[in-house]
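Quick mapping for you: the protein sequence lines, in order, are chains A and B.
Sequential numbering from 869 applies to the first sequence in the working numbering.
Sequential numbering from 4 applies to the second sequence in the working numbering.
The set of hints was computed from the structure by calculation and includes no laboratory data.
Where hints are given, some of them may not hold.
As the list claims (entries may be wrong) - Which chain A residues stay away from chain B? Per the calculated CB distances, all over 12 Å, these: (1) Ile-880; (2) Arg-890; (3) Ser-895; (4) Gly-896; (5) Pro-938; (6) Thr-981.
Unchecked claim - Among the chain B residues that face chain A by a calculated CB cut under 8 Å, a handful are: (7) Leu-49; (8) Ser-97; (9) Leu-106.
What the hints assert, rightly or not - Label-pair restraints from in silico Cβ distances: (10) His-941(A) <-> Ser-87(B): 31 to 37 Å; (11) Asp-869(A) <-> Lys-61(B): 19 to 25 Å; (12) Gly-19(B) <-> Gly-910(A): 29 to 35 Å; (13) Asn-44(B) <-> Thr-881(A): 16 to 22 Å; (14) Thr-981(A) <-> Val-32(B): 36 to 42 Å; (15) Thr-881(A) <-> Ser-17(B): 42 to 48 Å; (16) Asn-64(B) <-> Pro-876(A): 27 to 33 Å.
Every value quoted in this text rests on a predicted model; they were computed, and no experiment measured them.
Quick reminder that beta carbons are idealized off the backbone N, C-alpha and C, glycines included.
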Amino acid sequence: DSGVTQTPKHLITATGQRVTLRCSPRSGDLSVYWYQQSLDQGLQFLIQYYNGEERAKGNILERFSAQQFPDLHSELNLSSLELGDSALYFCASSNLAGGPSDTQYFGPGTRLTVL
Amino acid sequence: AQSVTQLGSHVSVSEGALVLLRCNYSSSVPPYLFWYVQYPNQGLQLLLKYTSAATLVKGINGFEAEFKKSETSFHLTKPSAHMSDAAEYFCAVSEDREYGNKLVFGAGTILRVKS
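Based on the provided sequences and hints, a complete structural model is requested.
Laid out in structure tokens, this is it:
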């Protein structure tokens, strides 16, 4: 158990819908990262937040957005869902300044299925 | 941009045999390198990381990896495979962004251990 929690574990929805994925980092960790894992794209970095502020952005679609709240939990919002958005979404957290040598601790993931 | 190549999407070894999973990286700056393991239906767990302190890095569960700058490699080894080692293994390089960072993952190698 990494200490990172993600809810829900599974999500099944229809095309065109909007969903929110939630992540609680390890106690004391200020950085939160979101990754998408799919069969065709592999593991792809989406976005990083550090203490409430966006720090780095990856291949995140405009239909996706994220935020980190004052209690440090984070939410990933996915809208106008398409079949291709079906994937496993991971949240990770790190306890240092969010720098390149930080160890990122991964949550169990949310499996999103878009029908 | 940094990148990671994992040679062999599937590796099969007998129980008790040497495990060797290959990883080559591309980076214009001294890299930070990581190996993660993913068991079925679980998140990623850190096995070990290289942060320039020592070229031979020891990790959990008897795994180790050696950083070879001349070969731009960071191969993962374990002297004797156990059935519980069957999982998917990911090599990753940390890409430093201004004020943030992200992990760039290889495509993964599925390790099968035969009894």
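Here is what the structure says about each hint:
{"no.": "1", "hint": "Ile-880", "in the structure": "16 Å, holds"}
{"no.": "2", "hint": "Arg-890", "in the structure": "15 Å, holds"}
{"no.": "3", "hint": "Ser-895", "in the structure": "17 Å, holds"}
{"no.": "4", "hint": "Gly-896", "in the structure": "17 Å, holds"}
{"no.": "5", "hint": "Pro-938", "in the structure": "20 Å, holds"}
{"no.": "6", "hint": "Thr-981", "in the structure": "14 Å, holds"}
{"no.": "7", "hint": "Leu-49", "in the structure": "6 Å, holds"}
{"no.": "8", "hint": "Ser-97", "in the structure": "4 Å, holds"}
{"no.": "9", "hint": "Leu-106", "in the structure": "6 Å, holds"}
{"no.": "10", "hint": "His-941(A) <-> Ser-87(B): 31 to 37 Å", "in the structure": "33 Å, holds"}
{"no.": "11", "hint": "Asp-869(A) <-> Lys-61(B): 19 to 25 Å", "in the structure": "23 Å, holds"}
{"no.": "12", "hint": "Gly-19(B) <-> Gly-910(A): 29 to 35 Å", "in the structure": "31 Å, holds"}
{"no.": "13", "hint": "Asn-44(B) <-> Thr-881(A): 16 to 22 Å", "in the structure": "20 Å, holds"}
{"no.": "14", "hint": "Thr-981(A) <-> Val-32(B): 36 to 42 Å", "in the structure": "39 Å, holds"}
{"no.": "15", "hint": "Thr-881(A) <-> Ser-17(B): 42 to 48 Å", "in the structure": "44 Å, holds"}
{"no.": "16", "hint": "Asn-64(B) <-> Pro-876(A): 27 to 33 Å", "in the structure": "30 Å, holds"}
When held up to the earlier numbered hints, the structure conflicts with none and fits them all.
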